[in-house]
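**Student:** Residue strings, one per chain:
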Amino acid sequence: MSALQHFFAMGGYAAYVWPAYALFFIVLIADTIAPRVRRQHVLRELRARLARQQVRQGRAGSISTPTPPSP
Amino acid sequence: MANWIPLWLHKLGSPPTFYRFAGTLQPWAMALALLLGAIALYGGLVLAPADYQQGDAFRIIYIHVPSAWMSMFIYAVMGVASFIALVWRIKLAEVVAMESAPIGAAFTFITLVTGSLWGKPMWGTWWTWDARLTSELVLLFLFLGVIGLYHAFEDRRQGARAAAFLAIIGIINVPIVHFSVNWWNTLHQGSTVNVFGQSKISGAMLWPLLTMVLATKFYYAASLFRRVRTDLLALEGGKDWVRKIAEEEADR
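So the sequence lines, in the order shown, correspond to chains A and V.
Once you know that position 63 of the first sequence is 63 in the working numbering, the rest is easy, because the numbers rise by one and skip nothing.
Once you know that position 185 of the second sequence is 185 in the working numbering, the rest is easy, because the numbers rise by one and skip nothing.
It should be emphasised that the hints constitute simulated quantities derived from the structure, not laboratory data.
The structure presented is a predicted model; accordingly, all values stated were derived computationally and were not measured.
Glycine included, each C-beta is placed from N, C-alpha and C at the ideal position.
Careful, some of the hints might be misleading.
Here are the simulated EDC-like pairs of lysine to aspartate or glutamate, each with C-alpha atoms no more than 16 Å apart in a straight line [stated by the list, open to error]:
id: 1; chain 1: V; residue 1: K91; chain 2: V; residue 2: E236
id: 2; chain 1: V; residue 1: K200; chain 2: V; residue 2: D51
id: 3; chain 1: V; residue 1: K217; chain 2: A; residue 2: D31
id: 4; chain 1: V; residue 1: K244; chain 2: A; residue 2: E45
id: 5; chain 1: V; residue 1: K239; chain 2: A; residue 2: E45
id: 6; chain 1: V; residue 1: K91; chain 2: V; residue 2: D155
Derived, one-sided and incomplete: chain V residues facing chain A with beta-carbon distance under 10 Å [claimed, not checked]:
id: 7; residue: E99
id: 8; residue: V113
id: 9; residue: I169
id: 10; residue: I172
id: 11; residue: K217
id: 12; residue: Y219
id: 13; residue: A234
id: 14; residue: I245
id: 15; residue: A250
To list a few chain V residues with every Cβ distance to chain A over 12 Å, as calculated [said to hold, decoys possible]:
id: 16; residue: G13
id: 17; residue: P66
id: 18; residue: A76
id: 19; residue: D155
id: 20; residue: Q158
id: 21; residue: G159
id: 22; residue: Q198
Using the sequences provided together with the hints, build the complete structure.
**Tutor:** And the structure:
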């Protein structure tokens, strides 16, 4: 058995050791990615809100008095 | 604010200052975590000799024990931050407490599953209602309870205060987890690593473990900084400094 094969065999405990390490990395990578995704989402929403606000302010500037509804 | 708190600390508590501070430290913390983690993995998986009784299965220790320590450490940080948030109403303390909870839950989950993967070949069972295992499971439920309560409120700050209260009550479980192996002599082994005395583990096996403990500490710092920064942007959405960041990042 080569040294590498010997390493991956983990003395017969490969089925327990490697899934444990895999889980460790999967969970921590997910924990790293989640806030990045959320950050993009938060900033995109904020930009959309600012854009809407600008449009509303522009409209308010051009029409000084809103037309009252006819009775 | 009490005047014994130094001015720099007071300033650090302001969201825009902390946002910049965390942004500067975050890459360094992550780089240290990755470097130390790589060294620890090489030491633990390659250099350390196999255990005379457990063979290579003992190598799960290098992620199981650091994760277990982090689960308690993060709970303690969350508890202290919650206390500060409730007493002094500091927004940053609320954010630190609430953003610690998912990281703590992640480490607690890793602890339970890797422990299960270790228990099967060594104890012959995936799970048993041993005192240590049960109290660690309660710790996971406490983290999940804090996350759930926080998100159950429409108003984020109100949710944070309710969840902070739960976090403080739940801190009683941290010493129970720690001393469970002494108080109830059930299946889980006692502590092997002794901070103040002689550890019951050989140096070749110990140094990768302690290196991994440091790596997970730096990882927590990096993850917390990243999460707190994101949360501050969401909470302070109406403020000028956040607006500036949103516009700057749109140009890129």
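**Student:** Mind checking the alpha carbons of K200(V) and D51(V) for me, to see if they're no more than 16 Å apart?
**Tutor:** Within the cut-off at roughly 13 Å; holds.
**Student:** Holds or violated: K91(V) with E236(V), Cα cutoff 16 Å?
**Tutor:** holds (10 Å)
**Student:** With chain A as the partner, please determine if A250(V) meets the hint condition of a C-beta pair closer than 10 Å.
**Tutor:** With Cβ-Cβ at 6 Å, under 10 Å, it holds.
**Student:** Does A76(V) sit more than 12 Å from chain A, CB to CB?
**Tutor:** holds (19 Å)
**Student:** Hold the hint about V113(V) up to the distance rule: shortest CB distance to chain A must be less than 10 Å.
**Tutor:** holds (5 Å)
**Student:** Over 12 Å to the closest beta carbon of chain A is the bar; see if Q198(V) clears it.
**Tutor:** Given that every Cβ of chain A is farther than 12 Å from that of Q198(V), nearest at about 28 Å, it holds.
**Student:** Once the shortest beta carbon distance from I172(V) to chain A is found, is it less than 10 Å?
**Tutor:** Violated, because the Cβ-Cβ distance from I172(V) to chain A comes to roughly 26 Å (cut-off 10 Å).
**Student:** If you take the shortest Cβ to Cβ gap from E99(V) to chain A, is it below 10 Å?
**Tutor:** Constraint on E99(V) satisfied, holds at 8 Å.
**Student:** Is K91(V) within 16 Å of D155(V), Cα to Cα?
**Tutor:** Given that 16 Å is the threshold and the Cα spacing comes to 13 Å, the pair holds.
**Student:** Within 16 Å, alpha carbon to alpha carbon, are K217(V) and D31(A)?
**Tutor:** Judged against 16 Å, a Cα distance of about 15 Å means the pair holds.
**Student:** Checking a non-interface call: every C-beta of chain A should be farther than 12 Å from the C-beta of P66(V). Is that right?
**Tutor:** violated (9 Å)
**Student:** Less than 10 Å between beta-carbons is the criterion; does K217(V) satisfy it with respect to chain A?
**Tutor:** violated (13 Å)
Checked against the numbered hints listed earlier, the structure breaks hints 9, 10, 11, 17; every other hint is satisfied.
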